[in-house]
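J.: Residue numbers (the working numbering), protein chains in the order written: chain A, 5 to 311; chain B, 33 to 594.
In case anyone wonders, no lab produced these hints; they're calculated from the structure.
No experiment lies behind these values; they were computed from the predicted model shown.
We put the CB at the ideal spot given by N, CA and C, even for glycine.
Example chain A residues on the side facing chain B (calculated, C-beta under 8 Å, incomplete):
no., residue
1, Phe202
2, Ala205
3, Ala206
4, Gly210
5, Asn224
Given next are the chains, with one letter for each unit.
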Amino acid sequence: MTSAPVESSSVPTSPLQVSHPAGGSRFGETLKHARYVVTGNPVTGFAFALFVIIVGAAIFGPAIAPYDPYASDTAAALQSPSAAHWFGTDQVGRDILSRVLVATRLDLTIAVASVALVFAIGGLAGIAAGFVLGWTDRVVSRISDTIMAFPLFVLAMGIVAALGNTVTNIVIATAIVNFPLYQRIARAEANIRREAGFVQAARLTGNSEFRILLTQILPNIMPIMVVQMSLTMGYAILNAAGLSFIGLGVKPPTPEWGIMVAEGASFIISGEWWLALFPGLALMIAVFCFNLLGDGLRDIIDPQRRT
Amino acid sequence: MTALLDVENLTVEFATRRGTVQAVRHVNITVAKGETLGIVGESGSGKSVTSYAVMRILDRAGKVAEGSVTFSGMDITKASESKMSEVRGREISMIFQNPRMALNPIRKVGHQIEDVLRRHAEAGSADARRKAIDLLRQVKIASPEERYHAYPFELSGGMCQRIVIALALACRPQLLIADEPTTGLDVTTQKAVMDLVVELTRERGMSTILITHDLGLAAAYCDRVVVMQKGEVVETASSEAIFRAPGHDYTKKLMRATPRPGIGLRDLLPEPVASASGETAPAAPGDVLLKVVGLVKEYPRKGATRTLGKLFRKNAAGDPDAMFRAVGGIDFEIRRGETVGLVGESGCGKSTTSMMVMRLLDPTEGTILLAENDIGDIPARSFASHPYRKRIQMVFQDPTDSLNPRFTAVRAIADPIMRMSDIHGRAAVRARCEELAGLVGLPLDLLDRFPHQLSGGQKARVGIARAIALDPELVILDEPTAALDVSVQAVVLNLLQDLKSRLGMSYLFVSHDLHVVGLLCDRVIVMRSGEIVEEGPTQQVLNAPKADYTRELLSTIPHPPV
Chain A
5 MTSAPVESSS VPTSPLQVSH PAGGSRFGET LKHARYVVTG NPVTGFAFAL FVIIVGAAIF
65 GPAIAPYDPY ASDTAAALQS PSAAHWFGTD QVGRDILSRV LVATRLDLTI AVASVALVFA
125 IGGLAGIAAG FVLGWTDRVV SRISDTIMAF PLFVLAMGIV AALGNTVTNI VIATAIVNFP
185 LYQRIARAEA NIRREAGFVQ AARLTGNSEF RILLTQILPN IMPIMVVQMS LTMGYAILNA
245 AGLSFIGLGV KPPTPEWGIM VAEGASFIIS GEWWLALFPG LALMIAVFCF NLLGDGLRDI
305 IDPQRRT
Chain B
33 MTALLDVENL TVEFATRRGT VQAVRHVNIT VAKGETLGIV GESGSGKSVT SYAVMRILDR
93 AGKVAEGSVT FSGMDITKAS ESKMSEVRGR EISMIFQNPR MALNPIRKVG HQIEDVLRRH
153 AEAGSADARR KAIDLLRQVK IASPEERYHA YPFELSGGMC QRIVIALALA CRPQLLIADE
213 PTTGLDVTTQ KAVMDLVVEL TRERGMSTIL ITHDLGLAAA YCDRVVVMQK GEVVETASSE
273 AIFRAPGHDY TKKLMRATPR PGIGLRDLLP EPVASASGET APAAPGDVLL KVVGLVKEYP
333 RKGATRTLGK LFRKNAAGDP DAMFRAVGGI DFEIRRGETV GLVGESGCGK STTSMMVMRL
393 LDPTEGTILL AENDIGDIPA RSFASHPYRK RIQMVFQDPT DSLNPRFTAV RAIADPIMRM
453 SDIHGRAAVR ARCEELAGLV GLPLDLLDRF PHQLSGGQKA RVGIARAIAL DPELVILDEP
513 TAALDVSVQA VVLNLLQDLK SRLGMSYLFV SHDLHVVGLL CDRVIVMRSG EIVEEGPTQQ
573 VLNAPKADYT RELLSTIPHP PV
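Could you build the full structure based on these sequences and the hints that come with them?
T.: Given below as structure tokens:
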């Protein structure tokens, strides 16, 4: 019997190939890469800092708010920004800073819940469509096309109006209008991996088609879906605020950015600009942050950037 | 002779996040007028980067750190970008590896040639068309007037490469850089394309740089050869001298590892290992393991015929024109302990055949008997859970593509064990994986790495370990070394041979390269357009081929003059 020849010395190592430290964990690698992207691109670093602040506000908002967001004080109504009230007060004397801070939790919860919902449903439906093809694909893709045939915001309005005026229904409506986006991306990504060598290899080793879908296809599509999540998060926040703005969903006096902008809008003409400006600014910063973060995440997973 | 191109002390650096990497170090290359220079090296040797530096088309991260590139008196490293865009295409042209990628898929090829002619003011709107057709004729495209209107997807790979050559030569450049121009083409196409390049460049007195990993190709077509290794030039000599008396150790190693007629499998390896290995006694083939009778695979032809047929409710299956026969009724058998080579060019049906035997694809007709049990009737969909699945396994062509990028090596090897074997429990599975890693010569500390952290040869070993994990009786090797460098190929082929004699498996070796097949196989089957044209013992097929097609295949493989 001959021993298997060892090639160790004969493997040509490319000078372009970066050698990886032996035994370096994948998580550690990813963390390192994430640090590289965040520090290498100041915009992503900035977005990440904003993200930390927003999440902080969502968690600690009620605790750090200087006033009770519901407490009205008619004596102090419609005060412009001052040392006592940084963002001013509204028509019934509530502190706008406190209300903006407290509203973060609700707005973020709606966005995260709807994105998580659509991620699970749209992602799975898309992967199944792209992998199985045939009737599954036809049905799922036509559902997407039908949803896309409507103006999305009007569709969301209709869903909330039909289902009832609750936060849960805002989450559902936002998830439904985002469905085609997730379904299409997942379908395309699953479809190109359908005949990949490693999928064929998995068939040879006795994996059922369903198992292949879950263990081989899904993990490989995850990164791209996560980027999509971050990118649509901003849109979800905007959508929820928009619904509240036109009076659907969250009801006053609950602090919510969309309602606050709607309530403050009527005071802009009489010169009380701070009522609408600060919640609007919070909304803008949140959307901006998630969009930038999405771009940054894309850089993290894009192998082209892994030079 | 005066030097047309003079690369002096060239160093190219790439900025990566782990610091600067020198891809090319102190390289000196000269190309005289009318000379054909070959740059030979394995992947990562810096041969492509050198040519990119000459064309000044380096990646953003790359820059020339040192040295100069002088092209007919002009320093290219210092030339302005507008000057360079004049030089590219007009003075220096390039042919890329993948012709389909180099052509715009949504523009007629004739128009693409016209674009180049007009860009460099070689033709006006009046005569552009005539000149483009003329160029198509020069690159030997049949009925150029018709092909002028063709889109790239309507042409074969070889035709596309001819179009790319026409584009490159449109403005009569002085220097042509061909970067692996025939990789991915069939050997017969390769010969036609290379002959064409040489003929056209001779005719025009052009200089050519041929970048290739194939020593045989360089030997057959180049005046001088530069051998590169890890970013450095290790040897420069006339192609005759380099093959007669290679000076550098690396050149010798490359020469040894290149499959060529009249050598054995062990001869590919560097000397010390080869002498230690010794010869394995050929085991006498046992009883018939796999028997394939009248195997047919038909695909419905897409397009007008089928749609019309459907429209008029015509039975499409009954119409011979409606079906495309990928495999047209073939018979063969494989005995226990035997290695059978299945050889042919792309589109000959060898892959379809192997997929059917593998039971990933359902045959249209015919029977596949594995140890006298008909497995052809079991639908491919449910074969994954069939107990016979264990008995046939496969090693895939591209080791990178066949490994899930998110699975570690050990997870990939463990997959079949966990799914189909009697071994259960974490520790037991791990132990079996380590045993397999030992068998295929994969260092144990690499088991926890992900595919992108492994070299091509190591990934190939993981793929082989996965294929033999269930002790299969038949392993199909689908061009297992096509994506590997020659020196790695030599090692992997030897490993496969050792494993076979140790584990008593049979191989069906699918390949386009007769020389590689000759090294490993006991019998060879040559296929062409879905039919078997020749079958017989390897030595007989290689040394005294009966079919004209086999003879043609053999004669078109370039090999070093040794």
